[in-house]
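Asker: Protein sequence lines, in the order shown, are assigned to chains E and R.
Quick note on numbering: the first sequence equals residues 1 to 536 in the numbering used here.
Quick note on numbering: the second sequence equals residues 1 to 202 in the numbering used here.
Don't read these hints as lab results, they were simulated from the structure.
Yeah, the Cβ is synthetic: ideal placement off N, Cα and C, and Gly gets one too.
There could be a bad hint or two in this list.
Here are the in silico distance ranges between beta carbons for each label pair [stated by the list, open to error]:
1) S382(E) <-> D153(R): 44 to 52 angstroms
2) W224(E) <-> H35(R): 51 to 59 angstroms
3) W224(E) <-> P46(R): 38 to 46 angstroms
4) I120(R) <-> D122(E): 45 to 53 angstroms
5) G95(R) <-> T179(E): 57 to 65 angstroms
6) T92(E) <-> L142(R): 49 to 57 angstroms
7) G303(E) <-> I120(R): 54 to 62 angstroms
8) P46(R) <-> D122(E): 51 to 59 angstroms
9) G95(R) <-> G476(E): 29 to 37 angstroms
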Amino acid sequence: MALIKIDDQEVEIAKGEVVINAAKRVGIDIPFYCYHPGMKIVASCRMCLVDMVGMPKLMPACSTTVGELPPGKKLEEKYDAVIYTDNDKVKTARRAVLEFLLLNHPIDCPICDKAGECKLQDYSYEHGNHESRLIDPKRIPEKKDLGPSIYLYTSRCIMCSRCVRFTEEISGTEELKVTHRGWHAEISVSPGKPLDNKMMGNVVDLCPVGCLIDKHEKFEGRVWNFVQTESICPGCSKGCNTVLDTMKHQKLNLEELVDTVYRIRPRENMDVNQWWICDDGRYHLEGDKKKTRILVPHLRENGALTETTWFSAVAAVSEKIKSAGAGQVVFIGSPYASNEENYLLGKLAKGLNAATDVSKPIFGDTQTFKTDMNKYPFTIESEKAPNFHGAKNALGLTDSKIDQSLSKKVVVLLGSHNVDLKSKPETLIVIGSFEDAVTKQADIILPAALFTETSGTYTNKDGLVQKFNKAINPPGDSKAIWQIMINLAQASGQDWYYETVGDVAKEMIQSVGGFKSVDLGTLYPHFVLQDEQVVA
Amino acid sequence: MAVSVKNITVPRGKNWVDNTYIIPVIKGLIITLRHMFKKPIVLYYPENKKVLPPNYRGLHMLTRDEQGREKCVACEMCSTACPADCIRIVANDSGDVWKDNFENREKHPIVFEIDELRCIFCGMCVEACPEDAIDMTDMHNLADYTRQDFIYDKERLLGVYDEYIKRHPDHAKRRDGEFKAMKNSSYFSVVSVENAKKPGGH
Ligand code: SF4
Ligand code: SF4
Ligand code: SF4
Ligand code: SF4
Ligand code: FES
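Whenever a hint applies, use it, and build me the whole structure from the sequences.
Answerer: Shown next, in the form of structure tokens:
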């Protein structure tokens, strides 16, 4: 441990720790481009230069470490280093670096999707020169198509090489490289080897400027109109932490654009996904766009599915269940629904003395990205459902016996993913979101919200319980599954009600063994806060 | 309640002429009469129209570039700056629309709407625009039958420009701030409609 002084603050710095990190701990933000905690340090952008007493030149804070000085040689009698991040020397250096970075930059912020979250914009505003002294014409190279989902706006690049290091160190696919030298240096792919791997979307987030642009999100909206909601990826059992970007509600003139998720981006969680997500997760909602959403409850009348109201659909469900008799009814939970929703399904079944089961997740390929330089290999799990673990847990089951369950007379299906109907049960009730082969055969369909449209928790493959939050409203008449469960319970004469998902979670944690270790306060901080206020 | 009485003396003139007030009345009349021989300051609207200053903030227009395409690149600066939240923009790739898709025209608005009833004509949108794509005209006499008609879409706003540029072909100069050199420009000549009555006579 060495003790250093940064501006006016003292901070301890561990052996091998870089100055930029130590400064961040005491709230001093040193500007940087090429540094990324997850990748090799190259110190190439020179944005992070700081003034270190005793050094002949300014030092890059992202690669400078501090060792202990012998007792007699300490600076100011106690420090191992004295660093200034804001004196005139540093300010001049930052101005100069920015002037260089902007030499050939086209300044096309009006059409750049990064504008608003671009570090070149932010730092130019904060530390820059505000005008160019270049008298020669700018070199503005053409944009390049790097692969199926990414464009390279060559002229905007600041050559920080984050994207190159990502493909070398994290994905290990090595598609990107720097070609040419000096003024002409460019990021490129080799002919016939486009940027195409399951992790490529991450380079768009990594790029500190608007050089790498995602084709899916191009011109979708300006980032300052977005609000962020913390969520969990439902793509596989890894449970990556994500952020959903949706349009601000208070923008009156964008009202009709509000209920759409525009982007899914990774959220840092060192225990699960570090800084990344895979493209299956990133473009998860793209697949949904091709399917037909069920917007209103449906009831089979005279052999044909017809639209109906919630009231009559729910009444019809309880009617069917009652007439079949308890022994002939099965409620099948889903690995695609949250813990709370599966728990309520179990509770509803228990109240009716009906059997419970859970459908199987879809299985696909496992893909692991591992390189020599990657501390945390990233694995896309083969179990393509977010919550098989938790669903079994919440329902008190050990495994899925769905093939037997489907032979019952009345089958209530939570979601129709991966359900293979050999023969249609006498009555099939589906709580689902999209039209498919199963819903076509259903007798009653209740339209359900997706994970972006309600809140809840998923348990990932390691047993970690994580919460996703509601970002947008469910379309049409569809409702969150936990609300549908309450409606069904009330229609069948059971007397329970929950105000919020938090109430369900609280009861679930207390009554189901598998959730004993879950801390309600971290998942639903707002909820616990409310409870405390009631006590006070 | 006791009533208090105050005696006041009405000021009297020095002689009877003063007491008839005839001189002040004539003085007043002279002022009135003087105006009969001055240039009138009212206009015979709508036959005659006032010449508005070049920075007048009236109806919006979307300007065109040399090739007749809208200059707007759908950056949404104007809608962000707008305090009345009355501009609605949906951006799109212009690659398919304009084949000679060059740098600053890669993006364009497929929807550009201004709700002129909600607008407060503050001019913030014009200030904010980095492309000089939105501007305000001297048109202020807007009338229509429904509220919906006041939501100007892209085509209509471009149409306003076409109409405006016919009357003010030197519009571009105005944007460059060359007011002084424009003494003879359309902005400073009287806009009058044929058969308009001459001001001054009754
Ligand atoms: S494309 Fe972006 S991330 Fe890659 S070197 Fe250029 S600026 Fe850095
Ligand atoms: S690894 Fe799994 S959880 Fe993570 S982003 Fe990909 S699909 Fe989603
Ligand atoms: S003039 Fe003001 S209120 Fe009207 S559109 Fe422009 S910014 Fe909005
Ligand atoms: S009018 Fe100007 S400010 Fe508004 S979107 Fe178009 S280019 Fe941007
Ligand atoms: S961040 Fe330190 S040199 Fe780039």
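Asker: Work down the list of hints and note, for each, if the structure agrees.
Answerer: To see whether the hints hold, each was checked on the structure:
At about 51 angstroms, the beta-carbon gap between S382(E) and D153(R) stays in the expected band of 44 to 52 angstroms. With their beta carbons about 57 angstroms apart, W224(E) and H35(R) fall inside the hinted range of 51 to 59 angstroms. Here the CB-CB span from W224(E) to P46(R) is close to 44 angstroms, well matched to the stated 38 to 46 angstroms. Range check, I120(R) to D122(E): Cβ separation about 31 angstroms, and the 45 to 53 angstroms hint is violated.
For the pair G95(R) and T179(E), the supplied restraint of 57 to 65 angstroms is violated, since their beta-carbon distance comes to about 25 angstroms. Roughly 54 angstroms separates the CB atoms of T92(E) and L142(R), a value that falls within the hinted 49 to 57 angstroms. The hinted window of 54 to 62 angstroms between G303(E) and I120(R) holds, with their beta carbons roughly 59 angstroms apart. Between P46(R) and D122(E) the C-beta distance comes to about 52 angstroms, which sits within the given range of 51 to 59 angstroms.
Taking 29 to 37 angstroms as the suggested C-beta distance range, the pair G95(R) and G476(E) conforms, at roughly 34 angstroms.
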